[in-house]
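*Asks:* Below are the chains, spelled out letter by letter.
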Amino acid sequence: MASDASDAKIEQYITVMTQMLSTSADEVQGALGLIAAGVREPRTSLGMRLLALRRYLRMGESKVVAQWAWTPEKVAQERASGDVKVLYELAGATQRAFVTNNPGFNLLVSPLRSLAKQVGLWITNGSVREASAKLLEDVRTELSKDLYTLAPTSISILKFRRALSQMTVRPEPKSAAPGTSDHGQGHAVDFVVVQGRHQIAGTETKDIAGKWKRDGWERKLIDAIAACNEQQRKGSTGRVPILSGPLKKPYEPWHWVLCWEDAAQS
Amino acid sequence: MSRRWFTVKTGHVALTLSLLFWACQGQSSDVSSSPRATPTAEHPKLAAANQQQAAASTSDHSADAVVGRSPGPDSTVDALKVAQRWLDALERKAKPELTSLTQTPFALHDPPDPTGCGNRVASQQEDLADLLQCLLDDGVLIDDLAFELNHPHVPEGVAANDFPRWSKRWRKEIPAGAKPVGFFIYGGGISHEIILVVEGSRVSAFWRGVKFDAH
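If you read the protein sequences in the order shown, they are chains A and B.
Heads up: the first sequence begins at 0 in numbering that gives the first Met the number 0, then just goes up one per residue.
Heads up: the second sequence begins at 0 in numbering that gives the first Met the number 0, then just goes up one per residue.
None of these hints come from the bench; they were simulated from the model.
One thing to keep in mind: the hints can contain errors.
As the list claims (entries may be wrong) - Simulated DEER-style distance windows between Cβ atoms:
id, chain 1, residue 1, chain 2, residue 2, range
1, A, Ala65, B, Ala145, 43 to 53 Å
2, A, Asp145, B, Ser122, 49 to 59 Å
3, A, Glu129, B, Pro104, 50 to 60 Å
4, B, Asp112, A, Met19, 29 to 39 Å
5, A, Met19, B, Lys92, 39 to 49 Å
We treat Cβ as the ideally placed atom computed from N, Cα and C, and that holds for glycine.
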């Protein structure tokens, strides 16, 4: 069957291309393996792996490795005594300050995103599914060209690598490629404002002008964090952990990172 | 005391405070019979939860209007408690407890595979195990429920005019006397809106809408 042969060819190119990666091969192969294990339908799996691979190629190997999600062992270690523990303590203090200042409202915090969770988000996301179906068709067309031999060569791999990284995707996936989320290493948290079961200010760009700025939730969050940071600094002489933010580029009023400040300079 | 134990218990304390609110309003409640009715020191998060639940108890009267039944405060408060226990059992993956808190027929309205378990009904007890297992196998949902910083998950009655858009098509399935109770669960990258339909002391439906964000 022609289409099956084409799928087999795509699989072959994915396999060889990931083997040829220099520094990020283990990470990429691991993530693609988890996607394959998590998606039952072969073509959906193929498209989702291609979409992730395209993203890794566009990021570049060094950035992929630097940003890669921690292993479960590292997460457990960091949650017990590392920066994640400190980050969550600050986030918890911020929640309490926020609730005190804004009765009836609550502040929820984003959990750390393990690789398994990032894969889970990737394979369950409708925009990823849609974008990957389209990308699969584009890749099928690309690989049907004569220059792509059934058994990949170093030249055909290089050509495919360039072609894949330059392909456009629609819609833009609403999820980070597995392993590459900003929240995979526990350096940052997102805050969202809720009232009961209603989200009042969330992590969507369209919320920034109205909900975060005009309705004042940006200022209220900044105030709560400033109070907590001030509490941290009080009486400290060494390095003080604080929340720094919000993220400037792209502007995200909900996104804050853990920073260590020299108390003597603050 | 482990952090997990504390946070799970915290959820019950929040509910207990809510029951006290009802008692103070001159409503009958079963607060005195609650084995966990031991309010602790004031905690801003609990106070917020308390206020939200108080509001929920009020708005839930509207939910009764949906199902055409005269509301009673006892059933409203009990429904919140049942819903919270059910979600807590799901979070702890306590299948026997979850099963005992679930009524058949049990309706599941979840996003389709691969996001969720789809639309399914367990008519008999035998069908229920598979259906509940599907929810228990949802690693993303279970992880998000278990994240301690966002505890307690505060239940809130769903008023007739306040059903989320994604859920409106199922509203007519709510039987007379049943109470829809909602939760918002934030997972970072995904958020879950959950509605549990409570009939008496059991849950007869689980509805979920999910929203992804790009981060």
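*Asks:* State for each hint whether it applies.
*Replies:* Each hint, compared with the structure:
1. A:Ala65 - B:Ala145: 43 to 53 Å: Cβ of A:Ala65 to Cβ of B:Ala145: about 29 Å, so the range 43 to 53 Å is violated.
2. A:Asp145 - B:Ser122: 49 to 59 Å: 57 Å Cβ-Cβ, so the 49 to 59 Å window holds.
3. A:Glu129 - B:Pro104: 50 to 60 Å: Since A:Glu129 and B:Pro104 have Cβ atoms about 34 Å apart, the given range 50 to 60 Å is violated.
4. B:Asp112 - A:Met19: 29 to 39 Å: holds, 34 Å
5. A:Met19 - B:Lys92: 39 to 49 Å: holds, 41 Å
Violation of the numbered hints given earlier is confined to hints 1, 3; the remaining hints are satisfied by the structure.
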